[in-house]
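Asker: Kindly generate the complete structure, drawing on both the sequences and the hints.
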Amino acid sequence: MEYKNKEIKEGINLHMIQTNNFKTNLLSVFLTTPLLRETVTKEALIGSVIRRGSKNMPSTEQISKNLEEMYGASFDCGIEKIGDNHVLKFYLEAINDEFLPQEENILKKAIDTLLEIVFEPLSENGEFKQEYVKTEKENLKQIIEGKIDNKAKYAQDRCIEEMYKDKPYGLYKFGYVEDLEKITSKELYEYYKKMLKECKIDIFISGKIDTTKTKQIIETNETITNIQGRKILINKGQNLENVKNPEIIEEKLEVTQGKLVLGLNIENTNLDEKYIAMVYNTILGGGANSKLFQNVREKASLAYTAGSSYIRQKDNIIIRCGIEIANYSKALEIIKKQIEDMKKGEFTQKDLDNAKQNIISAIKFIPDEQDTQITYYFGQVIAGSEVSLEEYIKRIERITKEQIIELAKKVNINIIYFLTQK
Amino acid sequence: MQVIENLKVKEKAYIEKLENGLTIIVIPKQDTQKKYAIFGTNFGSIDNNFVVPGNTKPTKIPDGVAHFLEHKLFEQENGTNSLDVLSALGVDANAYTTNDHTAYLFEATDNFNEALDELMNYVQNPYFTDENVEKEKGIIGQEINMYEDEPSWQVYMNAMKLMYKENPINVDIAGTIESISKINKETLYEVYNTFYNLSNMLLVVCGDFVPEEIIKEIKNRITKNDTQIEIQRIYPNEQEEIVKKEETKIMEVNNPIFEIGFKDKLCEKKDMVKKHIAIEIILYMLLGKSSKTYKKLYEQGDIMSQPDLDYEFSKQYAHVLISGIARNPQNVVKELKTAIEEYKKCGLNEEDFNRIKKKIYGDYITEYNDVSNIARMFLADYFKGINSFDYLEEYSQVSLQYANQILKDVFKEEKMVVSIVKGA
Numbered sequence: 014m015e016y017k018n019k020e021i022k023e024g025i026n027l028h029m030i031q032t033n034n035f036k037t038n039l040l041s042v043f044l045t046t047p048l049l050r051e052t053v054t055k056e057a058l059i060g061s062v063i064r065r066g067s068k069n070m071p072s073t074e075q076i077s078k079n080l081e082e083m084y085g086a087s088f089d090c091g092i093e094k095i096g097d098n099h100v101l102k103f104y105l106e107a108i109n110d111e112f113l114p115q116e117e118n119i120l121k122k123a124i125d126t127l128l129e130i131v132f133e134p135l136s137e138n139g140e141f142k143q144e145y146v147k148t149e150k151e152n153l154k155q156i157i158e159g160k161i162d163n164k165a166k167y168a169q170d171r172c173i174e175e176m177y178k179d180k181p182y183g184l185y186k187f188g189y190v191e192d193l194e195k196i197t198s199k200e201l202y203e204y205y206k207k208m209l210k211e212c213k214i215d216i217f218i219s220g221k222i223d224t225t226k227t228k229q230i231i232e233t234n235e236t237i238t239n240i241q242g243r244k245i246l247i248n249k250g251q252n253l254e255n256v257k258n259p260e261i262i263e264e265k266l267e268v269t270q271g272k273l274v275l276g277l278n279i280e281n282t283n284l285d286e287k288y289i290a291m292v293y294n295t296i297l298g299g300g301a302n303s304k305l306f307q308n309v310r311e312k313a314s315l316a317y318t319a320g321s322s323y324i325r326q327k328d329n330i331i332i333r334c335g336i337e338i339a340n341y342s343k344a345l346e347i348i349k350k351q352i353e354d355m356k357k358g359e360f361t362q363k364d365l366d367n368a369k370q371n372i373i374s375a376i377k378f379i380p381d382e383q384d385t386q387i388t389y390y391f392g393q394v395i396a397g398s399e400v401s402l403e404e405y406i407k408r409i410e411r412i413t414k415e416q417i418i419e420l421a422k423k424v425n426i427n428i429i430y431f432l433t434q435k
Numbered sequence: 350m351q352v353i354e355n356l357k358v359k360e361k362a363y364i365e366k367l368e369n370g371l372t373i374i375v376i377p378k379q380d381t382q383k384k385y386a387i388f389g390t391n392f393g394s395i396d397n398n399f400v401v402p403g404n405t406k407p408t409k410i411p412d413g414v415a416h417f418l419e420h421k422l423f424e425q426e427n428g429t430n431s432l433d434v435l436s437a438l439g440v441d442a443n444a445y446t447t448n449d450h451t452a453y454l455f456e457a458t459d460n461f462n463e464a465l466d467e468l469m470n471y472v473q474n475p476y477f478t479d480e481n482v483e484k485e486k487g488i489i490g491q492e493i494n495m496y497e498d499e500p501s502w503q504v505y506m507n508a509m510k511l512m513y514k515e516n517p518i519n520v521d522i523a524g525t526i527e528s529i530s531k532i533n534k535e536t537l538y539e540v541y542n543t544f545y546n547l548s549n550m551l552l553v554v555c556g557d558f559v560p561e562e563i564i565k566e567i568k569n570r571i572t573k574n575d576t577q578i579e580i581q582r583i584y585p586n587e588q589e590e591i592v593k594k595e596e597t598k599i600m601e602v603n604n605p606i607f608e609i610g611f612k613d614k615l616c617e618k619k620d621m622v623k624k625h626i627a628i629e630i631i632l633y634m635l636l637g638k639s640s641k642t643y644k645k646l647y648e649q650g651d652i653m654s655q656p657d658l659d660y661e662f663s664k665q666y667a668h669v670l671i672s673g674i675a676r677n678p679q680n681v682v683k684e685l686k687t688a689i690e691e692y693k694k695c696g697l698n699e700e701d702f703n704r705i706k707k708k709i710y711g712d713y714i715t716e717y718n719d720v721s722n723i724a725r726m727f728l729a730d731y732f733k734g735i736n737s738f739d740y741l742e743e744y745s746q747v748s749l750q751y752a753n754q755i756l757k758d759v760f761k762e763e764k765m766v767v768s769i770v771k772g773a
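Chains A and B supply the protein sequences, listed in that same order. Per our numbering, the very first residue in the first sequence carries number 14; after that it's consecutive. Per our numbering, the very first residue in the second sequence carries number 350; after that it's consecutive.
Any given hint might turn out to be false.
With a straight-line Cα cutoff of 30 Å, these simulated BS3-like cross-link-like pairs (lysine-lysine) come out [what the hints assert, rightly or not]:
#  : chain 1 : residue 1 : chain 2 : residue 2
1  : B       : LYS598    : A       : LYS142
2  : B       : LYS683    : A       : LYS122
3  : B       : LYS484    : A       : LYS312
4  : A       : LYS94     : B       : LYS534
5  : B       : LYS484    : A       : LYS186
6  : A       : LYS186    : B       : LYS638
7  : B       : LYS359    : A       : LYS160
8  : B       : LYS359    : A       : LYS377
9  : A       : LYS142    : B       : LYS359
10 : B       : LYS641    : A       : LYS78
11 : A       : LYS160    : B       : LYS644
Here are the simulated distance ranges between beta carbons [stated by the list, open to error]:
#  : chain 1 : residue 1 : chain 2 : residue 2 : range
12 : A       : GLU410    : B       : ASP466    : 19 to 27 Å
13 : A       : LYS210    : B       : LYS644    : 29 to 37 Å
14 : A       : ILE338    : B       : LYS618    : 43 to 51 Å
15 : A       : GLU410    : B       : ASN369    : 38 to 46 Å
16 : B       : ASP466    : A       : THR236    : 50 to 58 Å
Don't read these hints as lab results, they were simulated from the structure. Predicted, not measured: the structure shown is a model, and the values here were computed from it. Where a beta carbon is used, it is the ideal one built from N, C-alpha and C, also for glycine.
Answerer: Rendered as structure tokens:
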């Protein structure tokens, strides 16, 4: 596997990953903007409107037919918060020319198709097609209101929202119904044109590709020739401070199982400490060997899901457990004890070795997972670092128990969120 | 050893059946670092009534035993839990139970042989005690409750109940809190000794392996001394008709979800793959993103994404499933019925058929992107009596005429059920 990153124009980068491990080529375009209340809803809506039609493929039906003709190429788009940035992600996956039943050049077709969908959406009289915007506003409204439908995910989202009240990271990535209603197709189109002039653009191409030829396809693409360079700024944002007494929030919905979510904060961390925090999180709640899994699930038999995840950009750890409602205090007490034990260094060298081994394995899996690969390199771009997989592994390997204990002392419970029965 | 090669996807499978009955499949993949092993038994939630070899009377077990056993097999006599041991080796380990099989697996980059030691050791050596069985009831109880809160699982289970009167596929794989309360270590041993016989099992590995060498490694790790047995499984006689047309469950959700099913007859083994391919093509022609019906439903605001389109089948059941989110699921049902009738009357459109067929080809090739997906696919297909390469081999035999016939045979209104979950 070989990774190359090349600036095509200022603020626009082409990332190529040459690999023989897949039957498909995966292409993606990421558009990154600062996460703001004023624009978050518009950006979510743009993601939906764009897939409705482009200059030469004016309907979903046309786009789909073209993709099907390319042996079932698939187009997908998503929206994500990465730190205080909002990222619109567009993907196109197509089988590599080598596996087609007859000789064809699908790669060029695939690249041109994706770039057309993203950069040349269908417009009528200087605005998005009104009918499309109207339907997509309705759909997005349904998505926003459907937030409560998956209760476990909802509890996690709510915990983060409460933790980052009135701050960018607390925004819902799909936006807000009250903002949605006001958006017109003209305003939306103008915003998108502006966004395309100003946002950070990253194009990824992964697969069994000839990098020289691929680069040429991109550079001679009409859309790319016409687009201007731009000064960009990756929004670093501000992280939280530890609070003295955790805020306790209880919410009631129709649930059978209680969902307990704790939002932890790690104050003032530098780049090196992020690696330590990863190992810390793995010991605390990363997998079957973790303290949470062992103590909440295996020993106390209180839960089926019990674990935690680390949000690297914001230095938060989110603990989640699905429990019997009556067991709230019991579970909370066990969780708190695990956090305290981490501070006291009550974990073994073996726990530490296991945790490192787990993280290292996950890193070694990256070359065999096409989308994870792209996510990894994009994560590096956003973090402003260029750490290779080998270097990443080395940084994890050298972490010591003392470093974990030092970090553990900075870990604080900022919020306790419980979703319970009505 | 049998070697089969597929020239379209450019992969090979090596199949070896050992004297003790165990079947091994190796799919070598050069260039990848990831290695995957999966050890499965042809025993799932629907196998709840059987004759223990040597007995004369059948044994009926409580709902949820296959899944319960899957949880407990990790427990070892020396006090360790194999999931912990595997995690400590830095491999990603897991297990799952379906309607027709149970599987134990891990994926690794380093320590593959050590992990294989552990996997093959724990699957061959159960250790059940009254105490460890009791403890698991709390954990599985919470797993059952978690599914209670998941609308998509509820809508699926209700669709099964609408289609099947007797077949145990109409019961949750995990059972109920009540049914698992009846499970004890004796139940688990009895089931283990019956279904975890090597002749009922399969081990698939995928990754950068030399087939002969890895087969030798596997052979060296077999400690069970099984005599091959014939398990007599008893399944209830399932009627061809559905049980009930429709069911709506109220849950606290904003967006209604639906699951439409078509109960199908069991298919002869030789036709299974061809039929499956034809049904996939028909489903995409009916409701795929390029279809007329999808366009209409989307523009009316009834659906906001393409429904999931599936054909689920084993030796004991077969049905089509169409599931998704809809503002008004009844409109989806109505439009779907119209589309089916129109295709039945005028025949499937040839141009669309050929285009969708191309799409399906790409989908099959894409399945070979990932070692874990390849191994799981070969395992699941094997227990249905299928070799996964057959999909690429039989693809070209699916004609428009054949698809028209399948459309008439399978998509019948009297076999259609509609399950809905919506808000109050």
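Asker: Need the status of pair LYS484 (chain B), LYS312 (chain A): alpha-carbon distance at most 30 Å?
Answerer: Measuring from Cα to Cα gives roughly 8 Å; hence the hint holds.
Asker: Hint check: LYS160 (chain A) vs LYS644 (chain B), CA-CA at most 30 Å. Holds or violated?
Answerer: Status holds; Cα separation ~25 Å.
Asker: Between LYS641 (chain B) and LYS78 (chain A), is the straight-line Cα distance small enough, at 30 Å or below?
Answerer: Measuring from Cα to Cα gives roughly 12 Å; hence the hint holds.
Asker: Check whether the Cα positions of LYS359 (chain B) and LYS377 (chain A) lie no farther apart than 30 Å.
Answerer: holds, 25 Å
Asker: LYS94 (chain A) and LYS534 (chain B) were given as a pair; does the straight-line alpha-carbon distance stay at or below 30 Å?
Answerer: violated, 48 Å
Asker: How does the Cβ-Cβ distance of GLU410 (chain A) and ASP466 (chain B) compare with 19 to 27 Å: does it lie in that range?
Answerer: holds, 24 Å
Asker: Starting from the hint 38 to 46 Å, judge whether the C-beta atoms of GLU410 (chain A) and ASN369 (chain B) obey it.
Answerer: holds, 42 Å
Asker: Between the alpha carbons of LYS186 (chain A) and LYS638 (chain B), is the straight-line distance 30 Å or under?
Answerer: Status holds; Cα separation ~25 Å.
Asker: Hinted pair, alpha-carbon criterion (30 Å max): LYS683 (chain B), LYS122 (chain A). Please report holds or violated.
Answerer: Violated, at about 37 Å.
Asker: The hint says 50 to 58 Å between ASP466 (chain B) and THR236 (chain A); measuring C-beta to C-beta, is that right?
Answerer: holds, 55 Å
Asker: Determine whether the Cβ-Cβ distance between LYS210 (chain A) and LYS644 (chain B) falls within the hinted range of 29 to 37 Å.
Answerer: Holds: the Cβ-Cβ distance is about 33 Å, inside 29 to 37 Å.
Asker: Run the distance test for LYS359 (chain B) versus LYS160 (chain A): straight-line Cα separation, threshold 30 Å.
Answerer: violated, 43 Å
In this structure, the hints that do not hold are numbers 1, 2, 4, 5, 7, 9, in rising order.
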